[in-house]
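With chain A held as given, fit chains B, C and D onto it using these hints.
Protein chains: 4
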Amino acid sequence: MKIQSPSVIKVGIVGISGFAGKVLLDILLRHKGVRVTYVAANSTTGPVDVIWPEFRNRTDLVCEKYNADAAIEQCDIVFLALPHTESMNVVGKLLSAGKKVIDLSADYRLKKLPVYKKWYHADHKDPKNLAKAVYGLCEVYRNKIRKASLIANPGCYPTAALLGLLPIVSIHSKKIVSVVIDAKSGVTGAGRKVAEAFMFPFVHDNFKAYRVLQHQHTPEIAQYAGYFAEKNIPVTFVAHLLPLNVGIQETIYITLNSRVKAERIVEMYKKFYKTEMFVRVLDLGQQPEIKNVANTNFCEIGLAVSEDGKMLVVTSVIDNLVKGASGQAVQNMNIMFGFNETEGLL
Amino acid sequence: MKIQSPSVIKVGIVGISGFAGKVLLDILLRHKGVRVTYVAANSTTGPVDVIWPEFRNRTDLVCEKYNADAAIEQCDIVFLALPHTESMNVVGKLLSAGKKVIDLSADYRLKKLPVYKKWYHADHKDPKNLAKAVYGLCEVYRNKIRKASLIANPGCYPTAALLGLLPIVSIHSKKIVSVVIDAKSGVTGAGRKVAEAFMFPFVHDNFKAYRVLQHQHTPEIAQYAGYFAEKNIPVTFVAHLLPLNVGIQETIYITLNSRVKAERIVEMYKKFYKTEMFVRVLDLGQQPEIKNVANTNFCEIGLAVSEDGKMLVVTSVIDNLVKGASGQAVQNMNIMFGFNETEGLL
Amino acid sequence: MKIQSPSVIKVGIVGISGFAGKVLLDILLRHKGVRVTYVAANSTTGPVDVIWPEFRNRTDLVCEKYNADAAIEQCDIVFLALPHTESMNVVGKLLSAGKKVIDLSADYRLKKLPVYKKWYHADHKDPKNLAKAVYGLCEVYRNKIRKASLIANPGCYPTAALLGLLPIVSIHSKKIVSVVIDAKSGVTGAGRKVAEAFMFPFVHDNFKAYRVLQHQHTPEIAQYAGYFAEKNIPVTFVAHLLPLNVGIQETIYITLNSRVKAERIVEMYKKFYKTEMFVRVLDLGQQPEIKNVANTNFCEIGLAVSEDGKMLVVTSVIDNLVKGASGQAVQNMNIMFGFNETEGLL
Amino acid sequence: MKIQSPSVIKVGIVGISGFAGKVLLDILLRHKGVRVTYVAANSTTGPVDVIWPEFRNRTDLVCEKYNADAAIEQCDIVFLALPHTESMNVVGKLLSAGKKVIDLSADYRLKKLPVYKKWYHADHKDPKNLAKAVYGLCEVYRNKIRKASLIANPGCYPTAALLGLLPIVSIHSKKIVSVVIDAKSGVTGAGRKVAEAFMFPFVHDNFKAYRVLQHQHTPEIAQYAGYFAEKNIPVTFVAHLLPLNVGIQETIYITLNSRVKAERIVEMYKKFYKTEMFVRVLDLGQQPEIKNVANTNFCEIGLAVSEDGKMLVVTSVIDNLVKGASGQAVQNMNIMFGFNETEGLL
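Residue numbers (the working numbering), protein chains in the order written: chain A, 1 to 346; chain B, 1 to 346; chain C, 1 to 346; chain D, 1 to 346.
This is chain A alone, in the form it adopts within the complex (with noise of 0.2 Å):
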């Protein structure tokens, strides 16, 4: 059994049983600033090496039924990895008492209260905190991040998506007429959840799209394409199911009313993400591939321009569960606590 030192940050996990609760206690255990001291979720108990087998000699910590006192008392900061419309009950109370916390659920995110009302079925329950979060897409938001006590942790598709957007939309946000997305999730994408559509059998040597233009991460996108650009930005997107576990590939086109060059829009990109060591602009004719950052946190562009110069095609490929999700969660407590970002990250 690893040791853990004890004068270090206290974190809880909060959601354990779902793959990205997994993801997180995974990279947490490699974190040298960290210890996990405290492991909940709403219904599943016991130790969390049955709870997930690859655990075995590598923890014995005990998953409890969550509990806001319990997290308080053991914990500097909490991550919730609960399902969607059940984050709002509980941030409230760790955020009273003082803790940090990194949401990933989608309740922080949509900033007005009908369009998470539309999209999420249920009215939002904790508006003060929600005008509080920093989106913690951290090569936007870094500097606010810092200074965060709630961080909204992005969406998975988002994720990818905003990462490819961002040079174009927030330099060149004038020429945008459209945006399409057409993004492909593997399966983890949809939790740990049984049900027959994610049976075997029905998704290997299968592919299909789902929740076509009503997928929820729908408005996400929007929402942060327009502050990028400070202007509306139309998209339209389509989700689809890949035959794997895990990796999200999105091909964006975008459609422009004044012709590009396609060097100087990879240029622009490259120049655009320069420091960030989480994004990877690849060179034109390159294209990003999901097993090139499957299990880590990159992100990795790819760019292509018509030959009419006015639809430039960006490709983006991340992890769903770790820069989608749970690594992307990590990042933004390395920013938080001031760790150096890549801690238990590479």
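In short, the hints are calculated from the structure, not lab data.
Accuracy of the hints is not assured; some may be wrong.
Said to hold, decoys possible - With the Cβ distance kept under 7 Å, some of the chain A side facing chain C (calculated, not the full set):
| hint | residue |
| --- | --- |
| 1 | VAL194 |
| 2 | GLU196 |
| 3 | ASN245 |
The beta carbon of each residue, even a glycine, is placed where N, CA and C say it ideally should be.
Same frame as chain A, but now just chains B, C and D:
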């Protein structure tokens, strides 16, 4: 060993060593109206059940090096499953001898010589027969196919795309502003190529775009969509590699200049394909899945419309080797020879 | 919609909602001598092409809740693809009404009541018909099958094992000391079970043994191997779960008490199965592969002998849903009704 | 780019273009006590992140053509991840220069020259160092490894087999009659070979045995099992190819000449491995799964005993590239240099 009736149409397959050749033979061995009398390839020779062990106990055919005279003597119709730029060297002699030819390569699909040259990097060597070739998209050109001697069997991506586009493009061509096709294919689409990019560890658990904005199927789609529309249709096309063996899914984003209603579009598509055995239009809210058409000659189509009514999303799936190649080739043969159109294909 | 001839054998499928039921229907729709007139299940009801979208445009059959009278009225023969311990409640009435029955469950395979009870945890409720049931391993019991009213269709693992064992066990039973069977199956072998163990992320990229030394197919293999040998054959059996949908591979280690020569064994196996269409014995040095028999009714067998001549390794592959279930069931029907034995199966 | 401390052990990797080389670098970049100073291969050269794009932003190492003098000058220890029969040409010079060497090939594993020649079809060219090489199965030879200059890192199949056999073979050698090992490996076990047999369409949805009774790992297993037992152990070994990238599962059938009890065996195994961090012995009724050890240095072992007590079935899983190759190599280095044995491996 299955005894084949001698009083039937005699069929030759050239290019048995490729995946399309294998599927062709599989279908034709089950076809009640034909007998496979000649099997050839460019370099591979020997018993077919050594080339493809799947055929042990099913056939004792022996693959020869292709010889035009042998093909002419032994066949009424010849399927050419050769690489692009090879078919055009072979077709002329077969046609002159009065044989029917179904060409699965791209050689007779693009009607304009410079377009062919641009995308296939070769001068066309048989423009005379190119002019006569009938594009074998059965659902569109059935009457011409009936009388044709030379069929240009459609490409796999174009088949899924054109069947998805056909109703809207031919009925509402004036509404169409632009078309974006995000296409995903299983690995057999690349042929039986021994290259690192197609090795198991480089495809499994992976997904990526390839030949972005430069795929040779783009002009084929644009040309025929243009014919259906009787106007130029701007097509953006990106291909992706799926970690599975067979199947294509395409998500087609059609930007419209005036509003449409989802229910009307579904109705229109259903009516359009009412008498088509191999095209299934799904109800609103349903999405086609590769597994539902794998190993079949079916194309399945789903439809969705954006809230503002100006974005139509068509999803289309086929088996790339069946409806996207050999199955459609047999369907063409069935039309040419007056067989039941589904013979061998259900 | 395919028109089925009315002058043919009328067939019922009970248990259409499972994988075996689906494959049965797929085969029977292609069979020239039968018409599927009745489709039922225990709980699922409704159009078959809603239960299995693969059948859209192929059938308008509607699944009913199972009713013996309806089955008797509408069928000449009934296939039961029900869970174990359910068939034995259904068979008696069908037989009494003069119907033929092919039971794909384990209910009529084990001849000794205590053995059935031990492995299936239930008392047998139909011992009278159990005594009359013929084990539907076509290659062994063809003559009995021809005259049978009730077929106990073999289990998937036993089919691959027994075909691999049959020649050596029946010809050289005295040489056999013991048999170890290491069996691997695709996920459909577990049925259409919605359980976490069969969710995509828990099967993909995974492999494990299960029910080690406790699999209920062990006594079935031991019983029939014993019949072939006319002596007790000690069988050790371990099952494993493969990350694929269909296919079984078994590696069978036969310890012998005297030396054999590999060439002789291959010769013996080839001679033994000379007239069997669906069993392929490979040459020395070749190994059977699941892909060569997937979606077919073939069994493929490879052979190897240790340097000291006292260990014979037989490898055997089948498609678990075809030769291991529905294909063999149709082969049995073909024998019973005097159809060509390969009808619907090539 | 991660800055590596200069005051650490300098490490070279020869054979970076193979899978084992890649995983070695991945582990060593996370290791706190070493710096990778030299990377070479036999034919491939150039930036490591071109050879393996996974390393973009993680390293700027450049792969050179292997040169002994450069390796000697730049390294304290050299990992050789070269093909079999190549390492033995390289080891001598490195050892003479006082360098430590961990050889991942088979060249220094088989102690008897004729056995090496028989299975690797080459004369051994370095018998002097062969005699001195220590077999790097850490759990057995830790004390020798500490003092060794040359480690013969165990093969992947032998690691899983020997860890599964070790307790029973060393404690109850007299009870053992024979051992049958049914081994299954992911595709990376075959190396980065570009051959049709390893193309995606020939591996996906497939499973087969290969080199049946002729696999070169057989004598390695037999030799060391014999050392543990201090008697000859007859080993039958068959390897199979799994449709996944990493992982080995072996089911080991041990025939005994007297009865054992399952509970006792589990107790014995647990006690035996009590202090071993990387070996997990499961409770009775549990089975190891590849997914639980993939991408880790763990070996997981399950146990079952037949009703008659005379057949012990041991199941063992590892990641073939980690515990079966590069992870174990680093574990050996950790022992040799006095690092924490888990450094870089958790």
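Going down the list of hints, with the structure as the test:
1. Taking 7 Å as the C-beta cut-off, the interface hint given for VAL194 of chain A holds, the closest approach to chain C being about 5 Å.
2. A hinted interface residue such as GLU196 of chain A counts as satisfied when its beta carbon comes closer than 7 Å to some beta carbon of chain C; here the least separation is about 5 Å, so the hint holds.
3. Annotation: interface hint on ASN245 of chain A holds; nearest CB of chain C at approximately 5 Å, less than 7 Å.
Comparing the model with each numbered hint stated earlier shows that all of them hold.
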